[in-house]
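Using this note's numbering, read the sequence shown as starting at 1 and increasing by one per residue.
Derived by calculation from the structure, the hints in this document are not laboratory data.
Don't take every hint at face value.
Unchecked claim - Computed cross-link-like contacts, PhoX-like style, restricted to lysine-lysine with a CA-CA straight-line distance of at most 25 Å: (1) Lys277 / Lys234; (2) Lys129 / Lys277; (3) Lys175 / Lys9.
Claimed, not checked - Beta-carbon label-pair distances, calculated as ranges: (4) Thr172 / Phe212: 17 to 23 Å; (5) Asp98 / Leu125: 37 to 43 Å; (6) Ile13 / Gln182: 15 to 21 Å.
Ideal Cβ positions, reconstructed from N, Cα and C, are used throughout, including at glycine.
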Amino acid sequence: MSKFQNYLKTFDITSTLTEEDIDKTLALLQIYGPAVRRTASRIGEMEEECYEGRRQSISDFINLAIDYDRDTDRKRIADRLAEMGHSMHSWYSSQEQDFVNSEYTIFCAEVASTTNENLLLEYMLQHAKGEERLYYLNLYLEQIRTTVFRQMLFAEFELMTHAAVEKGEVLTAGKLESIWMQLNRTYYGENVILDPELAAEWSRIPHFYRPFYVYQYATGYAAAMTLSHNLRTKGAPAQDAYLSYLASGGSDYSIPLLQRAGVDMTTPAPFQITFQKFTDCLNELDQLTR
Numbered sequence: 001m002s003k004f005q006n007y008l009k010t011f012d013i014t015s016t017l018t019e020e021d022i023d024k025t026l027a028l029l030q031i032y033g034p035a036v037r038r039t040a041s042r043i044g045e046m047e048e049e050c051y052e053g054r055r056q057s058i059s060d061f062i063n064l065a066i067d068y069d070r071d072t073d074r075k076r077i078a079d080r081l082a083e084m085g086h087s088m089h090s091w092y093s094s095q096e097q098d099f100v101n102s103e104y105t106i107f108c109a110e111v112a113s114t115t116n117e118n119l120l121l122e123y124m125l126q127h128a129k130g131e132e133r134l135y136y137l138n139l140y141l142e143q144i145r146t147t148v149f150r151q152m153l154f155a156e157f158e159l160m161t162h163a164a165v166e167k168g169e170v171l172t173a174g175k176l177e178s179i180w181m182q183l184n185r186t187y188y189g190e191n192v193i194l195d196p197e198l199a200a201e202w203s204r205i206p207h208f209y210r211p212f213y214v215y216q217y218a219t220g221y222a223a224a225m226t227l228s229h230n231l232r233t234k235g236a237p238a239q240d241a242y243l244s245y246l247a248s249g250g251s252d253y254s255i256p257l258l259q260r261a262g263v264d265m266t267t268p269a270p271f272q273i274t275f276q277k278f279t280d281c282l283n284e285l286d287q288l289t290r
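Work out the full structure: start from the sequences and follow the hints.
Shown next, in the form of structure tokens:
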């Protein structure tokens with residue numbers, strides 16, 4: 001990394017990696033849509049095996065996402081699929097739980113949406129080759145960087161600022177900017193240039209005005225990574241556990257609900273699975289671009 005000393009800026013981290021990012025979006029959409037439909041079809045079969053007799057199927061939700069965004073770009077479809085995860089979670093919970101227990105916690109809220117995204121991304125990586133594969137590897141890395149790594153930075157910023165208030169300190173703009181720059185330096189290291197304008201970035205993050213939400217993006221992603229791993233490798237028991245989770249609403253505390261689904265958030269395992277995936281994708285990307 002020494003050759004990049006005083007060269008890489010924070011905005012370089014978000015730069016596009018392949019031509020797919022720029023001028024092949026529609027081509028990717030043609031691949032992405034049918035892949036979602038095939039994935040939805042398998043999920044629908046899984047649901048019928050576990051919950052025979054239900055009229056509404058998971059595939060209906062995902063096919064609706066594709067139909068709604070038929071003429072828009074790939075990112076819009078991916079975003080819509082994530083929102084369909086929330087819809088699936090809400091629909092099943094409302095069907096299986098009484099009114100009081102039908103609402104799930106924020107801690108669980110991001111899990112179903114991200115599980116949808118991860119299942120689809122895994123499918124695409126199974127079949128992608130050449131530059132298209134580079135695209136999806138980079139996409140996976142960016143998802144983990146922005147949803148886990150960056151949200152941890154956000155959460156630590158919240159912790160430090162609230163702790164300062166509890167100590168009686170005054171949070172001036174200068175103080176907040178100092179904490180923000182300190183954390184960015186800690187997280188991104190000495191080889192990344194931190195432009196002065198970055199100091200005010202904290203002020204544009206809307207979640208900071210609704211305290212202690214952002215850490216749940218990181219925990220939700222780690223839980224979803226574990227669930228998608230289980231769904232792909234452990235067969236019917238994992239599928240049944242996941243569908244039961246979707247229908248569990250707020251019938252118990254978040255940790256036990258996730259444990260019954262196959263994710264123990266009291267252990268490092270979900271984050272270990274997530275960071276191992278990051279390492280695998282990064283190593284493969286490095287090999288493919290040599």
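Which hints from the list above does the structure break, by number from lowest to highest? Every hint satisfied by this model.
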